[in-house]
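Residue numbers (the numbering used here), protein chains in the order written: chain B, 1 to 340; chain L, 1 to 340.
Just so you know, the hints here were simulated from the structure itself, not pulled from any lab data.
Since the model is a prediction, treat every value here as computed from it, not as a measurement.
Idealized CB from N, CA, C, for every residue including glycine.
The reader is advised that the hints may include incorrect statements.
Stated by the list, open to error - Here are the simulated DSS-like cross-link-like pairs (lysine-lysine), alpha carbons at most 30 Å apart as the crow flies: (1) B:K241 <-> L:K234; (2) L:K184 <-> B:K184; (3) B:K312 <-> B:K158; (4) L:K184 <-> L:K328; (5) B:K184 <-> B:K162; (6) L:K241 <-> B:K234; (7) B:K234 <-> L:K234; (8) L:K162 <-> L:K328; (9) B:K103 <-> B:K148; (10) B:K328 <-> B:K241; (11) L:K162 <-> L:K148; (12) L:K184 <-> B:K148; (13) B:K241 <-> B:K312; (14) L:K158 <-> L:K109; (15) B:K234 <-> B:K148; (16) B:K103 <-> B:K234; (17) B:K312 <-> B:K328; (18) B:K184 <-> L:K148.
As the list claims (entries may be wrong) - Quick list of simulated restraints, FRET-style, between CB atoms: (19) B:D53 <-> L:T139: 27 to 33 Å; (20) B:I45 <-> L:A145: 34 to 40 Å; (21) L:P54 <-> B:V152: 27 to 33 Å.
Number of protein chains: 2
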Amino acid sequence: MRLKLLILCLSLLLGPVACSTTPQSTATADPLPSWNAGANKTAIIQFVAAVTDPGAPGFVPEADRVATFDNDGTLWSEQPFYFQGYFALSQVHAMAEKHPEWKTTEPFKSALAGDMNGVMAAGESGLMQLLAATHAGMTADEFAASAKAWAVTATNPKTGMKFTEMIFQPMLELLDYLRSNGFKTYIVSGGGIDFMRAFVGDLYGIPPEQVVGTTFESRFSMVDGIPTITREPKINLVDDKEGKPIGIYRHIGRRPIFAAGNSDGDLQMLQYTTIARDPGDAWPRLGLIVHHTDAEREFAYDRNSHVGQLDKALDEAPLRGWLLIDMKNDWNQIYPTVQD
Amino acid sequence: MRLKLLILCLSLLLGPVACSTTPQSTATADPLPSWNAGANKTAIIQFVAAVTDPGAPGFVPEADRVATFDNDGTLWSEQPFYFQGYFALSQVHAMAEKHPEWKTTEPFKSALAGDMNGVMAAGESGLMQLLAATHAGMTADEFAASAKAWAVTATNPKTGMKFTEMIFQPMLELLDYLRSNGFKTYIVSGGGIDFMRAFVGDLYGIPPEQVVGTTFESRFSMVDGIPTITREPKINLVDDKEGKPIGIYRHIGRRPIFAAGNSDGDLQMLQYTTIARDPGDAWPRLGLIVHHTDAEREFAYDRNSHVGQLDKALDEAPLRGWLLIDMKNDWNQIYPTVQD
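Pulled out of the complex, with its shape left as it was, chain B reads as follows (with noise of 0.2 Å):
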């Protein structure tokens, strides 16, 4: 730790480019690798350089550098079904010996099969009835611990690589890239708050206080003399859609400058984001959306797609200049290289 202080020290002292706002960044390294050189690479870098140049006029003090992000579809995948579904059958499974009725009940008896489009069939109510029974009802401990517990083995039924494995890596480089520029990463996800905060992002480097997402109520009891906080079967936020400003509202308070998503759940995030409010509303803004274009290396799909549908901020992207990345073509790796 010492060695290192005097180091800085010294390079303080000797060399002017490490006394620039970003001394962690060299001028030559790539922040991007897994990013193809192309428009959306340099357009990125370029909103990067704009908002961090304290002379220029687009400069953004460090603490209004709020960037949001999406996660299933923007930071991981969520093919062939949103991961948090797995976990809920999963959970079905490990509770079905206290439920013997849930044999012959929808949407449980499909759960217990594996069925995931036997679930979706039971509608939206059923969906609410397995959300209900999986994630609330108990301690918010026990319920995090389900969670990690669940994030060691869990693998996806498509590619058989561990959930936890189908991140991805440009955006990882990105959110490094950003948070090395004074950003602060928040992930704002129609997934579950708790769910997420138990494991998902540790993933990406952002802490729980920086994770947003669709939040059940919950009640506080002294329980043996002990303060606890118990899950309740119903939901106080669905932090999609329209949602997502309002948990933006909600949890951070300033808009951010950059969005990312993937998915016309994103849209108004985005539009909330991006849009100028008035003549002094003159920062530099960027919305992104990953374009899932890659059947082989992950999946392919857009308008029609069952899962993170595609269809209104498709079109309205390029009205509002939102970058469309093209995971076949903007990046060389998608997930990262696993360590044996």
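Based on the hints, put chain L in the right spot on chain B.
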């Protein structure tokens, strides 16, 4: 800036003391000059020393050094009535022209007469009517602008001081002291989250994303092509009593190791923060109650006060080891010295 860095470098190179985990403070300077020497001041300093010493058994990683502070009566005064109440009255005045019926309807009639007791006599439903009328029905930006504008000139009817000057100097020092030791400081208050974010957080160096409070529902829509958040006359979270641990769970997602309050509204936050949950839960934890004992320099009240009642938590403090701060004897200064 360059010069500051050079001086820091030289001190790092030359001074062994300055290379401790808290290079920004020196061993000799008193971090809490407005606190008189005594058991309470010593306990605070010992707690901070214990959680920041990497070699000590009570060491807490920086990311988990979460400190939560109530606002009304803990960071600023709350007499003769919660300051946000005066904001509500001023809003009633500003809006009265459009509401002729208020002249004859409670609680607005009393509000227009500046009669806080009359307002209180309308009970909880009356108070909710007042809050709904003054805190909802406008955009998020409009509301923030009103609160900011009010704060510039509004004065306390009892002291004649600006409300923004009635903040506690010793608590400012405590916030700084904790932050300089790697703590993240939060407001967790029964006050309105957006009222506080508009200007209160600035008084203490706490950014909007670290302010938790009573929250109204809101909705998102495009209004004339502009993404707009509108406040609704319905409460989403009452961040008081049992609501405080819920607010912490929802917004922070970590259990604090330090909490400060002054009333029974803080009882559950103090319990949640300080009571060990299992034998493995060995981090030092500190609860602190600001006891209003100084009728001369501030206000003296506790068990029978209509505002900031401190009764149950006063009984529980000695059992739990919470520090009971005696404002009269523990603090040599109440409010910051105003520079003319």
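Violated hints - listed by number, lowest first: none
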